[in-house]
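Colleague: Listed below are the residues making up each chain.
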Amino acid sequence: MSEGAAIEVENLVREFRKGPRAVDGIELAVSPGEIYGFLGPNGAGKSTTVLMLTTLLPPTSGRATVGGFDIVRQGAQVRASIGAALQEAALDAILTGREHLMLQATLQGLPGSERRRRTAALLERVGLTEAADRRVGGYSGGMKRRLDLALALVHSPRILFLDEPTTGLDPQSRSALWEEVARLARDEGMTVFLTTQYLEEADVLADRIGIIDHGHIVAEGTTAQLKADIGGPSVEVTPAEVDDGDRLAELLSQFGEMRRNGNGSVTVQLPGGESELAEIVRILDRADLRVETLQLHQPSLDDVFLAQTGRKLEGSGDGAEAEDEASEPAQGGRRSRRRRGR
Amino acid sequence: MAAEMAVGGAYVPLTPRAKVIEQTLAIARRAVVRTTRQRALIIFPMIFPLILFAINGSALSTATHIPGFPTHNYRDFLIAMPFVQGAMFVSINAGVDLARDIESGFLNRLSMTPVRGEALLVGQLGGALVLGVVQAIVYLLVGLASGVTLVSGVGGALVLLFLAILISFAFASLGILLALRFGTGEAVQGIFPLLFVTIFLSSASLPRNLIKATWFREVATYNPVSYLLEALRSLVITGWNAQALELGFGFALALLVIALGLAGMAMKSRLTRT
Numbered sequence: 001m002s003e004g005a006a007i008e009v010e011n012l013v014r015e016f017r018k019g020p021r022a023v024d025g026i027e028l029a030v031s032p033g034e035i036y037g038f039l040g041p042n043g044a045g046k047s048t049t050v051l052m053l054t055t056l057l058p059p060t061s062g063r064a065t066v067g068g069f070d071i072v073r074q075g076a077q078v079r080a081s082i083g084a085a086l087q088e089a090a091l092d093a094i095l096t097g098r099e100h101l102m103l104q105a106t107l108q109g110l111p112g113s114e115r116r117r118r119t120a121a122l123l124e125r126v127g128l129t130e131a132a133d134r135r136v137g138g139y140s141g142g143m144k145r146r147l148d149l150a151l152a153l154v155h156s157p158r159i160l161f162l163d164e165p166t167t168g169l170d171p172q173s174r175s176a177l178w179e180e181v182a183r184l185a186r187d188e189g190m191t192v193f194l195t196t197q198y199l200e201e202a203d204v205l206a207d208r209i210g211i212i213d214h215g216h217i218v219a220e221g222t223t224a225q226l227k228a229d230i231g232g233p234s235v236e237v238t239p240a241e242v243d244d245g246d247r248l249a250e251l252l253s254q255f256g257e258m259r260r261n262g263n264g265s266v267t268v269q270l271p272g273g274e275s276e277l278a279e280i281v282r283i284l285d286r287a288d289l290r291v292e293t294l295q296l297h298q299p300s301l302d303d304v305f306l307a308q309t310g311r312k313l314e315g316s317g318d319g320a321e322a323e324d325e326a327s328e329p330a331q332g333g334r335r336s337r338r339r340r341g342r
Numbered sequence: 001m002a003a004e005m006a007v008g009g010a011y012v013p014l015t016p017r018a019k020v021i022e023q024t025l026a027i028a029r030r031a032v033v034r035t036t037r038q039r040a041l042i043i044f045p046m047i048f049p050l051i052l053f054a055i056n057g058s059a060l061s062t063a064t065h066i067p068g069f070p071t072h073n074y075r076d077f078l079i080a081m082p083f084v085q086g087a088m089f090v091s092i093n094a095g096v097d098l099a100r101d102i103e104s105g106f107l108n109r110l111s112m113t114p115v116r117g118e119a120l121l122v123g124q125l126g127g128a129l130v131l132g133v134v135q136a137i138v139y140l141l142v143g144l145a146s147g148v149t150l151v152s153g154v155g156g157a158l159v160l161l162f163l164a165i166l167i168s169f170a171f172a173s174l175g176i177l178l179a180l181r182f183g184t185g186e187a188v189q190g191i192f193p194l195l196f197v198t199i200f201l202s203s204a205s206l207p208r209n210l211i212k213a214t215w216f217r218e219v220a221t222y223n224p225v226s227y228l229l230e231a232l233r234s235l236v237i238t239g240w241n242a243q244a245l246e247l248g249f250g251f252a253l254a255l256l257v258i259a260l261g262l263a264g265m266a267m268k269s270r271l272t273r274t
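Protein chains in written order, with my numbering: chain A, 1 to 342; chain B, 1 to 274.
Hints listed in this document are in silico derivations from the structure and should not be mistaken for laboratory results.
Cβ coordinates follow ideal geometry from the N, Cα and C atoms, glycine included.
Check the hints yourself; a few may be wrong.
[To be verified] Ranges between beta-carbon positions, derived for each pair:
#1 B:E118 <-> A:S31: 36 to 44 Å
#2 B:P193 <-> A:E27: 47 to 55 Å
#3 B:L141 <-> A:R116: 51 to 59 Å
#4 A:R116 <-> B:G239: 49 to 57 Å
[Claimed, not checked] Covered stretches of chain A (in silico footprint by chain B; criterion: 3 or more residues with CB under 8 Å from a CB of chain B, positions within the stretch not fixed):
#5 88-101
#6 106-118
[Unchecked claim] Heads up, incomplete: computed chain A residues facing chain B, CB under 8 Å, no partners named:
#7 T54
#8 L56
#9 A76
#10 A84
Let's have the full structure, built from the sequences with the hints guiding it.
Modeller: The structure is reproduced here in structure tokens:
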């Protein structure tokens with residue numbers, strides 16, 4: 001294992017009794033201060049990986065270190081180094097937000113005065129000061145997630161695990177959580193291991209992304225690298241007359257790899273970049289082929305997933321993971337050019 | 001001080017685990033807060049045994065005419081029953097509370113901290129203690145108000161309260177054991193009727209020597225619940241009966257030790273930390 005990695009995983013396997021291999025020999029390394037996005041559909045193995053890395057589930061085989069500690073032999077040290085907000089915001093509806101934080105601070109061994117100070121600071125940071133003394137049962141989904149995050153930060157961990165932290169949240173709450181996660185990495189140098197089934201989340205937040213499918217990591221790299229690996233942009237042309245589909249395909253075939261869609265539309269990769277678009281328009285014009293729509297697509301993480309697995313990420317979950325993967329359907333990626341400010 | 005500031009601002013426990021007493025008190029405080037904020041959990045389980053006490057106390061009052069019945073006031077005989085019934089309700093509350101923590105993942109959250117299993121187990125009984133104390137006091141006051149007299153006097157009342165709370169604690173441990181074994185509130189609640197029926201298969205309504213059906217008398221004799229009831233009852237009817245008290249305290253303690261011991265093992269396997 002290499003020196004200095006915050007998280008390092010070697011050939012990690014988790015096999016459930018009478019079930020498939022939820023995690024099947026994954027390898028990855030996360031540098032200190034990095035946000036690593038672990039992207040995949042429901043049942044891909046994301047949550048099982050997090051449960052193993054947070055010491056809540058022993059691996060069947062393989063090895064991993066978190067914060068330099070072995071997840072099997074040095075569980076207590078691993079737990080002292082990490083904070084985790086697991087898939088379900090496991091909160092007590094009867095207790096208030098402040099009581100949750102005080103309980104967590106006590107169990108983490110913070111001294112009395114520090115508990116109160118830390119609780120107040122975290123409530124302030126996640127915007128729950130006003131709601132601090134209300135019972136959690138009355139919190140919205142976003143407030144619960146923010147409290148969940150605050151609870152994970154009570155003991156100032158160096159490494160933070162977030163398992164699908166924004167599932168079920170409205171866009172505003174999602175955006176607020178993204179900002180806080182980005183701030184933790186940027187300002188506090190925290191390493192963040194983030195699982196998500198949302199393409200946009202991985203695109204916006206993660207420095208590097210690992211794409212997992214059926215327990216295997218099928219691609220890994222920065223978003224730019226992953227997109228570059230599958231080629232340049234593509235253009236999708238839909239003819240005004242469906243019967244012109246064959247002629248359209250013939251005209252576009254000279255530009256690069258081509259795919260025929262329904263309604264006679266044709267998608268063609270543009271290895272030469274967007275500049276080839278003008279030439280396509282000229283050729284179609286010269287051929288007097290009337291076009292209904294012409295759309296330029298930049299490669300997305302969904303395209304990367306499609307290229308690696310042959311399936312779209314949306315709706316591709318198969319529930320193979322025996323652990324508690326989210327039951328909600330995956331959301332297709334609204335493309336975003338927004339990047340977190342790091 | 002259980003923790004200190006380390007380089008980089010991280011709080012690293014000086015020892016792998018924070019102090020057990022501090023952890024136990026924190027968990028107990030949560031259990032007490034949860035119990036006191038759910039008044040329905042306190043009131044309804046408390047009322048049900050009182051309703052049975054009122055009904056049976058009136059409907060079966062002629063049982064005192066049976067030759068050899070130990071008292072002329074059937075309520076003196078019957079008052080022991082609400083204490084044990086209430087304790088069984090406490091067991092369900094304690095079990096369902098913990099089962100809910102298991103189902104919601106709250107126990108997993110606690111597992112991520114340096115909390116020790118013993119602290120979780122004993123702390124969880126904090127709510128049961130509150131419930132046990134409140135119930136025991138209410139049952140005693142209602143009994144006295146309805147004409148029950150304690151032959152053993154004020155000292156006997158205190159011992160009766162102590163034994164009732166011990167019985168609540170023992171049954172709460174059993175509830176916690178069930179929660180840890182089965183992991184769902186439904187399973188714990190499903191077992192409750194089986195637990196409850198043990199009261200009716202005991203000497204709850206009649207002294208064992210006056211039960212005519214042989215099989216019933218045999219079952220009641222082998223049923224530890226009979227001895228819990230008889231110890232409580234002895235303080236009301238016969239005064240300081242050493243044998244009855246030894247058996248009552250003995251069975252209550254045995255149940256507590258066995259249930260808590262098994263619960264400790266179940267908690268260990270439930271906290272599947274590496």
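Colleague: The structure should be examined with respect to each hint, and the outcome stated for every one.
Modeller: A quick look at each hint next to the structure:
For E118 of chain B paired with S31 of chain A, a C-beta distance near 39 Å keeps the hint of 36 to 44 Å intact. Against the hinted window of 47 to 55 Å, the Cβ-Cβ separation of P193 of chain B and E27 of chain A comes to about 53 Å, which satisfies the hint. Checking the proposed 51 to 59 Å range against L141 of chain B and R116 of chain A shows it is violated: the Cβ atoms sit about 39 Å from each other. The hinted window of 49 to 57 Å between R116 of chain A and G239 of chain B holds, with their beta carbons roughly 52 Å apart.
Evaluation of the coverage hint for the segment 88-101 of chain A: fulfilled, as 7 residues show C-beta separations to chain B shorter than 8 Å, against a requirement of three. Counting residues of the segment 106-118 of chain A whose C-beta lies closer than 8 Å to any C-beta of chain B gives 7; at least three are required, and the coverage claim holds. For T54 of chain A, the interface hint holds, since its Cβ comes within 8 Å of a Cβ in chain B; the closest pair sits about 7 Å apart. For the restraint placing L56 of chain A at the interface with chain B, the shortest Cβ-Cβ distance is roughly 6 Å, inside the 8 Å limit, so the hint holds.
Because the closest C-beta pair between A76 of chain A and chain B is about 5 Å apart, less than 8 Å, the hint holds. Against a cut-off of 8 Å between C-beta atoms, the interface hint on A84 of chain A holds, since the closest Cβ of chain B lies about 6 Å away.
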